[in-house]
Amino acid sequence: MPHAATIDIKSLSKQYEVKGEPLPVLADITLSIRPGEFISIVGSSGCGKSTLLRLIVGLEQGYQGEVLLDGQRIVGTSLERGIVFQEHRLFPWLTVRQNVALSLLNADMTEGQKRFAVRDHIALVGLQGFESAYPHQLSGGMAQRVAIARALVSRPEVLLLDEPFGALDALTRAHLQQELHRIWEAEGLTMILVTHDVEEAIYLADKVVVMEPRPGRIRRIVPIDLAHPRDRAAGSFVRIKDEVLREFSAQPPAAADAAAALAGRGPPQCALPGAWRFAV
Amino acid sequence: MRRFNPFVAVPKPLRGWVLPLVLLALWWAAFRFGWSSSPVLVSIGSVWHRAVEQTLSGELWTGLSASLRRDLIGFAIGASAGLAVGAALGLSRLFENLVGPSFHTLKQISLFAWIPLLSVWFGLGDAAKIAFLSLAAFFPVVLNTFEGIRSVPGELMEVARVLRFNRRQWLRKVVLPSAAPSIFAGIHLGLIYAWLATLGAEYLLVSGKGIGNTMIDGREHFWMDLVIFGVIVVGLVGFALNWIATQIERRLLAWRGRSVAAY
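Sequence order for the protein chains is A and B.
Residues 270 to 549 in the numbering used here are what the first sequence spells out, letter by letter.
Residues 1184 to 1446 in the numbering used here are what the second sequence spells out, letter by letter.
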């Protein structure tokens, strides 16, 4: 079992420069994540949750405050941090096996070890028999499983998930949420999931971090003490869901955003079916 | 009741033959029923005789092989230079800043405007012709290689960063395969342009042997059957080159499947 990472974020702020004007994206984020913990981050569009994830994976630079992984400041990307994006981002000219093996290009392993690791991780996401398929031959859910295998095969200490199921249909999404939970239990690594979907956040996480926008701040951290497997229809589950949703309605700008999205006037990524289920 | 549709009656793979066969029939009829007495109109039979005579005497091969040899040499030079310049433009901002503006100015010059300059520099022989058709192949290859490299999806670039690819891995695993369809499109265009230019060069720099020169001979002597035979051969060669390029492309880019993947 790989070593799981501790992540410490201390007074993190980030701003972009837009036409010479500073535009704050994240303000004073402080968050501590224990090894092996599952954290969900929810918030409306523009609350900076994806930026936070990109800072942790190392794709974004330039910030104030500290982002520490096992006490070390994060500089650039690293094979210790895997990420799954909303789009699968598989290489269309490579087969499933080759796509997963791509992660091990720079791994310190023998060819034989690499072959085993790739085979094991394709099995972990349940895609035996599809090793030689090309991405265009896979369904959206299968492609996203390959992306998960690719992110896990290098045995990262932390897996970051940026709305990984946002573009999938409701059935596939529910199924993959179950699978992700199983993988988290099996691999024992730290996971951080960014999502629009409050139900998904509660179903999977030990803690749900609710963020509010402009600039992105943490509004509340809701611990989820429900035992697994969780039942979305159970009274305790629904109570927590209502509690998290109340945090949203209590914040005027985000609630306005949600209403706009429901009316079909929201930013493009909000138009995804199911992405705003929590608001209904 | 469905009305009989004559076009549906022809099986799909054979539909491409309908137009040429109709034209052939019209040609035959025009001659047979004496629709025109113009000496421009020759019979299918005389073109056929000319074809047999040209083939058996070896004159077809002399001309065609001279043309094809120039075509392939010029294409090879133009396409290789095009790949190198296109890759340099795509990969290096410095090179793009230095050479880009000049290149984009040069590509605006009509290919035929180069002929006087080339004939002064290289004479009227093979060297000038090869230089001319290398230029014809050069421009589309540069443009498509450059475009292909510059349009590698940013999403895949990020994946390469997350997976800690070094520059060599980034080139081999991301840039090259991603740019490949565009690069092949450029090479394919270059191949077609080079063949068109091969004929152009023979008309504009009249000297030596070549299938174009055979046709010019035909025109001088008013042997219409020879001219028509030449046109058919040139068309068939172009068709064959295009077919070969398409087959190679299809094989090498099989991963694209039928759908056009986003990335």
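Derived from the structure by calculation, the hints contain no laboratory data.
Treat the hints loosely; a few may be bogus.
So, partial list: chain A residues that the calculated Cβ filter (under 8 Å) puts toward chain B [said to hold, decoys possible]:
(1) V326
(2) T346
(3) S372
Keep in mind it's a predicted model, so treat the numbers as computed, not measured.
We put the beta carbon where it would ideally sit given N, CA and C, even for glycine.
Results for each hint:
1. V326: 6 Å, holds
2. T346: OK, holds: T346 of chain A within 8 Å of chain B, min 5 Å.
3. S372: 6 Å, holds
The structure shown violates none of the earlier numbered hints.
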